[in-house]
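Participant: The residues making up each chain are set out below.
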Amino acid sequence: MLEFISQPWPWYTSGIVIAFIMVLLLFFGKSFGFSSNLRVICSACGAGKKLKFFDYDWRAQTWNLLFLVGAIIGGFIAAEFLSSGEPVQISQATIQDLQQLGISAPDGMQPSEIFSLSAAFTLKGFLILLLGGFAIGFGARYAGGCTSGHAISGISNLQLPSLIAVIGFFIGGLITTFVLLPLIL
Amino acid sequence: MKSIKFIIAGILFGIVMSKSEAISWYRIQEMFRFQDFHMYGIIGTAVVLGTIATFVIKKFKLRDIQGNPIVFTPKEKSVSRYLIGGTIFGLGWALTGACPGPMFVNVGFSYWAIFIAIAGALSGTYVYGAIKDRLPH
Chain A
1 MLEFISQPWP
11 WYTSGIVIAF
21 IMVLLLFFGK
31 SFGFSSNLRV
41 ICSACGAGKK
51 LKFFDYDWRA
61 QTWNLLFLVG
71 AIIGGFIAAE
81 FLSSGEPVQI
91 SQATIQDLQQ
101 LGISAPDGMQ
111 PSEIFSLSAA
121 FTLKGFLILL
131 LGGFAIGFGA
141 RYAGGCTSGH
151 AISGISNLQL
161 PSLIAVIGFF
171 IGGLITTFVL
181 LPLIL
Chain B
1 MKSIKFIIAG
11 ILFGIVMSKS
21 EAISWYRIQE
31 MFRFQDFHMY
41 GIIGTAVVLG
51 TIATFVIKKF
61 KLRDIQGNPI
71 VFTPKEKSVS
81 RYLIGGTIFG
91 LGWALTGACP
101 GPMFVNVGFS
111 YWAIFIAIAG
121 ALSGTYVYGA
131 IKDRLPH
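Taken in sequence, the protein lines are chains A and B.
Sequential numbering from 1 applies to the first sequence in full-length UniProt numbering.
Sequential numbering from 1 applies to the second sequence in full-length UniProt numbering.
The hints are simulated quantities; they were obtained by calculation from the structure and are not laboratory data.
No residue lacks a Cβ here, since even glycine has one placed at the ideal position from N, Cα and C.
Treat the hints with care, since some could be wrong.
Unchecked claim - Distance ranges between label pairs, derived from CB positions: (1) B:130 x A:127: 35 to 41 Å; (2) A:49 x B:137: 23 to 29 Å; (3) A:55 x B:70: 27 to 33 Å; (4) A:116 x B:40: 44 to 50 Å; (5) A:116 x B:137: 23 to 29 Å; (6) A:10 x B:62: 41 to 47 Å; (7) A:124 x B:44: 30 to 36 Å; (8) B:63 x A:91: 18 to 24 Å; (9) A:13 x B:79: 21 to 27 Å; (10) A:163 x B:63: 36 to 42 Å; (11) B:69 x A:10: 31 to 37 Å.
To be verified - 25 Å max Cα-Cα, derived BS3-like pairs, lysine-lysine: (12) B:77 x B:59; (13) B:59 x A:30; (14) B:77 x B:58; (15) A:49 x B:132; (16) B:2 x B:59; (17) B:2 x B:77; (18) A:30 x B:2; (19) B:2 x A:52; (20) A:52 x A:30; (21) B:61 x A:30; (22) A:52 x B:132; (23) B:132 x A:50; (24) A:30 x B:58; (25) B:77 x B:5; (26) B:61 x A:52; (27) A:30 x B:5.
Stated by the list, open to error - Here chain B is said to cover these stretches of chain A; the calculated rule only asks that three of the stretch's residues, wherever they fall, bring their Cβ under 8 Å from a Cβ of chain B: (28) 125-137; (29) 164-173.
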């Protein structure tokens, strides 16, 4: 059984479980949206004293922080107990494209050229993660949600704004993939 | 103990995002290069089932476990904020290969470098809060 679980899971299991989590949170009286946590953390650190945007009842969002803690624990459990250590099974075409950018074929979950500590603490590596993260945090609040809030919850509720946001996600993602990454890497 | 259910939901989320490799930079690159169905399958399945569930909840006016009606707040109407904000988000998503949820799942995976991206995401959120009134919404 554990051996079976340790294989990478097919996409539909993930899709089913994500929809289940969305519904579960609705029945808990909440709505699925992960990036709100970033605003909550800023507020909890006292950003509300300086900026009105962070001066709100963030404690009502404590449940979402607990969800975040769970997500970290879930990652730990998957890595420690449910992993076969196999490299990510991406397509051959992607492997070849990435090799031309100097990213080696997967030997785990993440490319060492970006996620190893030695790469992350070169100037280039540090800026990729820092500026990438900055764009995610800034863009998610500007657009009022991230993948969970817009692509999953919003589109499931047939919200046109969420569809526009997801189109934006792809415009940005394609620019990075085909314009920025070849310049940077 | 009322709160433990949210931790359990989060654990489920973390495990499934890991096991379906959705937290991998490689998978996000593959998605933006349209070279495999995997990520589209994940998001597509979740959206189809989510849409059915949302429809059923509304149709039968279902209530949550505390007996309150389940309400869906419509997103406010605008194009610019969703298009510009979404595009900025997408630029970062393809760079780090992790949207906000998977960022934290990666911490559980001991990819400590992701803390740099998390610090970036918190500062991005803060800067948005500081300049939001000057941005088109």
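Participant: For the pair supplied as a hint, residue 30 of chain A and residue 5 of chain B, confirm whether the alpha-carbon distance does not exceed 25 Å.
Facilitator: Distance of about 12 Å is within 25 Å: holds.
Participant: Within a Cα-Cα threshold of 25 Å, do residue 49 of chain A and residue 132 of chain B meet the stated pairing?
Facilitator: holds (16 Å)
Participant: Could you see if the CB distance from residue 49 of chain A to residue 137 of chain B stays within 23 to 29 Å?
Facilitator: Because 24 Å falls inside the window, the suggested range holds.
Participant: Are residue 52 of chain A and residue 30 of chain A close enough, with their CA atoms no more than 25 Å apart?
Facilitator: Within the cut-off at roughly 24 Å; holds.
Participant: With respect to the beta-carbon atoms only, verify the hint that residue 10 of chain A and residue 62 of chain B lie 41 to 47 Å apart.
Facilitator: For residue 10 of chain A and residue 62 of chain B the Cβ distance comes to about 30 Å; the hint is violated.
Participant: Just to be careful, I want the Cα atoms of residue 52 of chain A and residue 132 of chain B compared with a cutoff of 25 Å; is the pair within it?
Facilitator: OK: residue 52 of chain A and residue 132 of chain B at ~11 Å, within 25 Å.
Participant: Check the hint pairing residue 132 of chain B with residue 50 of chain A against an upper bound of 25 Å on the C-alpha distance.
Facilitator: Holds, because 14 Å separates the two Cα atoms, which is no more than 25 Å.
Participant: May I ask you to test the hint 31 to 37 Å on the CB atoms belonging to residue 69 of chain B and residue 10 of chain A?
Facilitator: Between residue 69 of chain B and residue 10 of chain A, where Cβ atoms are some 36 Å apart, the hint holds.
Participant: Given a hint of 23 to 29 Å, does the C-beta separation of residue 116 of chain A and residue 137 of chain B actually sit inside it?
Facilitator: Cβ of residue 116 of chain A to Cβ of residue 137 of chain B: about 39 Å, so the range 23 to 29 Å is violated.
Participant: Regarding residue 63 of chain B and residue 91 of chain A, is the given constraint of 18 to 24 Å on their beta-carbon distance met?
Facilitator: violated (45 Å)
Participant: Do the Cβ positions of residue 130 of chain B and residue 127 of chain A conform to the proposed distance bound of 35 to 41 Å?
Facilitator: violated (21 Å)
Participant: Residue 77 of chain B and residue 5 of chain B were given as a pair; does the straight-line alpha-carbon distance stay at or below 25 Å?
Facilitator: violated (33 Å)
The structure fails to meet hints 1, 4, 5, 6, 8, 9, 10, 16, 17, 19, 25 and 26 from the earlier list, while all remaining hints are met.
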